[in-house]
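Dock chain B against the given chain A, drawing on the hints supplied.
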Amino acid sequence: MKVLGLIFAGGRGENLGLLTTKRASAALPVAGKYRMIDFTMSNMVASDIRRVGVLTQYSPRSLIDHLGSGKEWDLDRKHGGLALLQPYMAISNKYWYRGTGDAIHQNMTFLRRSDEDYVLMASGDHIYSFNYSEMFNFHFSKGADVTFLYKELDETYNLSEYGQLETDSDGRIIRFEEKPSQPVSKKAFLGIYFLNKHLLMDLLYNTIPQSDGYDILLDVLIPSLNKLRFYAYPFDGYWRNTKKGINEYFKINMDLLNNEVRQQLFYTGNNVHTKLKDLPSPKCTGTAHVENSIVSDGCIISGRVINSIISRGVQIKAGAVVENSIVMQDTVIEEGAHVKYSIFDKECNIRTEKRLVGRKDDLLVFEKGSVI
Amino acid sequence: MHSSIVAMVLAGGQGTRLGVLTEDIAKPAVPFGGKYRIIDFALSNCVNSGIYKVGVLTQYKPHKLNAHIGIGRPWDLDRKGGGVTVLQPYTYESGKAWFKGTADAIYENLDFLDEANPKYVLILSGDHIYGMDYMDMLNFHISKHAKASCACMNVPLNETFRFGIMVTDISKRIVEFQEKPQQAKSTLASLGIYIFNWDFLREVLIQDAKDESSSHDFGKDIIPKMVGEKDDIFAFEYDGYWRDVGTIYSYWESNLELIQSIPQLNLYNNSWRFYTRTEEMPPAYFGKESVCTNSLVSEGCEIHGVLNKSILFQGVQVGKGSLIQDSIILTGATIGDGVEISNAIIAENAQIGSGTKIGVGEYAENEENPGVYNSNISVIGYHAIIPENATISKNCVVHNGVKENATDNWQVPSGKCVR
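Same order as they appear, the protein sequences are chains A and B. Counting in my numbering, the first sequence tops out at residue 372, every number present. Counting in my numbering, the second sequence tops out at residue 419, every number present.
Keep in mind the hints are simulated off the structure, nothing from the lab. The reader is advised that the hints may include incorrect statements.
What the hints assert, rightly or not - Some chain B residues flagged as far from chain A (calculated, every beta-carbon gap over 12 Å):
#: 1; residue: Lys144
#: 2; residue: His145
#: 3; residue: Asn158
#: 4; residue: Val204
#: 5; residue: Lys210
#: 6; residue: Glu212
#: 7; residue: Tyr268
#: 8; residue: Gln314
To be verified - Below, a list of computed lysine-lysine pairs in the PhoX-like style, where the Cα atoms sit at most 25 Å apart:
#: 9; chain 1: A; residue 1: Lys71; chain 2: B; residue 2: Lys80
#: 10; chain 1: A; residue 1: Lys78; chain 2: B; residue 2: Lys80
#: 11; chain 1: A; residue 1: Lys71; chain 2: B; residue 2: Lys64
#: 12; chain 1: B; residue 1: Lys230; chain 2: B; residue 2: Lys147
Claimed, not checked - Covered by chain A, according to a simulated footprint, are these stretches of chain B (three or more residues, beta-carbon under 8 Å):
#: 13; stretch: 32-40
#: 14; stretch: 269-275
#: 15; stretch: 279-287
Predicted, not measured: the structure shown is a model, and the values here were computed from it. All residues carry an ideal CB built from backbone N, CA and C; glycine is no exception.
For reference, chain A alone in the conformation it holds in the complex:
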């Protein structure tokens, strides 16, 4: 059985504000050296998926630069490999992708030409480690037409932000509600689908596009909920969707300071691949103090770093204090500056003695290249 991977990476993630003015949410840096899409890409590669299409639309430059030829994921191949699927103009077509369903519809040729029989669709801005093969086996053992991945959410998630499903005792989906204001179930759909490619193509051909675009879930799949066999497979590991907002993005990064989360994401499951930068190991100088933090390659730390995530090539000068913050690539925090509950995008420069203190529920966010 061969599976084709499709990753939705075209959305901006409006709730992420300044962090996604110039990049798609899938290209958002996370956990020091990664970008969001690395996790889904690596999961797919680890599940023996050898052809991956990435659907891009919103400001894709940094995403395309990051993915390159797909070499870091072993997807630079003669057969299969990485395909970047961008909206295009043709005689018959001059539209942007009007929703996820339309995005796939416009790439029907890609589906038709690939020799895989099954399709796995996933979002590019979720963070989790999962080998999809478990889900494939479940799909076949149940004789399912479509399998959804779901997770029982605990109180750390806001249920009304997630699509919810109810299943019978066999795992068959009997009800689906998209983001209901009154929760119907704790089983949240994770935006990960598995189905036969030809079935997907049929469903797409049989969907009449709405003028304002159409969605793969709500307009293409869910209308067939009672006609086809929809099953749900549970995932019980760490999973988060960064699209939910800046606070969620902050929480994801801080979760990585928890040993259990790190073990799950990086050590017990698949290797997470990312674009290499060839920087030297980070250096702590004589005045450095680093506590409960993640520090990436190429950093030089001379100040105090507490409960923070420091990306590659960051410099924190002597006497500077960085607390509960996320500092992205190549940012410089100069002598004596004090920052707390802040997110600094790439290449910021925080001048000497500057004091920037946010609150846990009111984070300060600084755009790429800010000089403060």
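Here is chain B on its own, set in the frame of chain A:
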């Protein structure tokens, strides 16, 4: 012009004075500087200098080295034209095999060079740590209309006895060569980096191969002979950072030089990056109780103890209450809780049990091999397992792959070895 030069990297040496560190791997494959291996510096210099055809000559225990180089992808040496070729000794009809010396190694690969047919050949050692633009040297070579050029560096007068010393005239022509002299006439030491005109070198190597009195070595035979015959050989003066980490002490010292606030070897230069093949690991995590000063801590490390003046390679775990100073911990080593380590080199994947102390007591001469182990530094070999509450004093060696039951009480006095 760049395609007209081929680099040949001599990477077959054992480096016997590195003791257990090179018992199972060749010296160029020994880890350095947090994430690199020694050969990365020569290979990175080649590609940074625009040289994309590189032969690597291996001989001594090449497995790690071969796996590291692979098809040369980390250095952009996976190319359709050129790229990296690993050249191992081979046999032919008359049954001849191993490389007898550095010159013989090149001679045995005349076919490789004939096929490339370059104008110039750059001969390098895979053992040295430095960042050098070989194009500067080639420009010098061309401007002098030289047949050969040798890169040299000024060394302190009291260290000249360790090097091959070049005596030059005002035009930088080498007029005399002194091998490890007691009375040096110059302080220009040869760095083992040569550029030859290929047609000239070809003739020299063929002649040398016929000479039965020769040891077939560049430094011992080829260069002195050229100087003796007053051939056009010039000294290119280099004044940057260069280290031959030949001994346990110099290996330890050169690594720790990287934690100076402005180290001489700049690993952060964007236009002169050093490339390597690494494990894919998440960034380093510093725990709530960690204290880390003057140290390098690589990806995949989890630190819960106290570090000072140390270099930690990838994936090192340090338990709570442990104290590590003036030490080098190689990839994948695990340090338990409450461990005290000072002046030590802990090799890859070694496991140190909780409560163990390494590097205590007074210096004593090493019982096994004082020629190699002659400093305060204790060395723990690859995959060695040291149980809880052991004591290992100064100048000790725990050999590669030693298991917990290798000795009874694990109280190892200074200068002793555990096998």
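Taking the hints in turn, this is what the structure says about them:
At the 12 Å boundary, the C-beta of lysine 144(B) stays outside the reach of chain A, the nearest C-beta of that chain being 35 Å off. Non-interface status of histidine 145(B) relative to chain A is upheld: no Cβ of that chain comes within 12 Å, the nearest being about 38 Å off. The claim that asparagine 158(B) is not at the interface with chain A holds, since no C-beta of that chain comes within 12 Å of its own (minimum 31 Å). At roughly 38 Å, the least C-beta separation between valine 204(B) and chain A is larger than 12 Å, which holds for a residue marked as non-interface.
With a cut of 12 Å on Cβ distances, lysine 210(B) stays outside the contact zone with chain A, its closest approach being about 45 Å. Non-interface status of glutamate 212(B) relative to chain A is upheld: no Cβ of that chain comes within 12 Å, the nearest being about 47 Å off. Against chain A, the non-interface label of tyrosine 268(B) is violated: not every CB pair exceeds 12 Å, the least being about 6 Å. The claim that glutamine 314(B) is not at the interface with chain A is violated, since a C-beta of that chain comes within 12 Å of its own (minimum 8 Å).
At most 25 Å may separate the alpha-carbon atoms for a hinted pair to count; lysine 71(A) and lysine 80(B) meet this at roughly 16 Å. The hinted pair formed by lysine 78(A) and lysine 80(B) meets the criterion: a straight-line CA distance of about 15 Å does not exceed 25 Å. With a CA separation close to 23 Å, the supplied pair lysine 71(A) and lysine 64(B) stays within the 25 Å bound. As the CA atoms of lysine 230(B) and lysine 147(B) are separated by approximately 11 Å, the hinted pair is consistent with the 25 Å bound.
Look at the stretch 32-40 of chain B against chain A: 3 of its residues bring a Cβ nearer than 8 Å to a Cβ of that chain, three or more, so the hint holds. Only residues whose beta carbon comes within less than 8 Å of a beta carbon in chain A count, and the stretch 269-275 of chain B has 3; three or more means the coverage holds. Counting residues of the stretch 279-287 of chain B whose CB lies closer than 8 Å to any CB of chain A gives 8, which reaches the minimum of 3, so the coverage claim holds.
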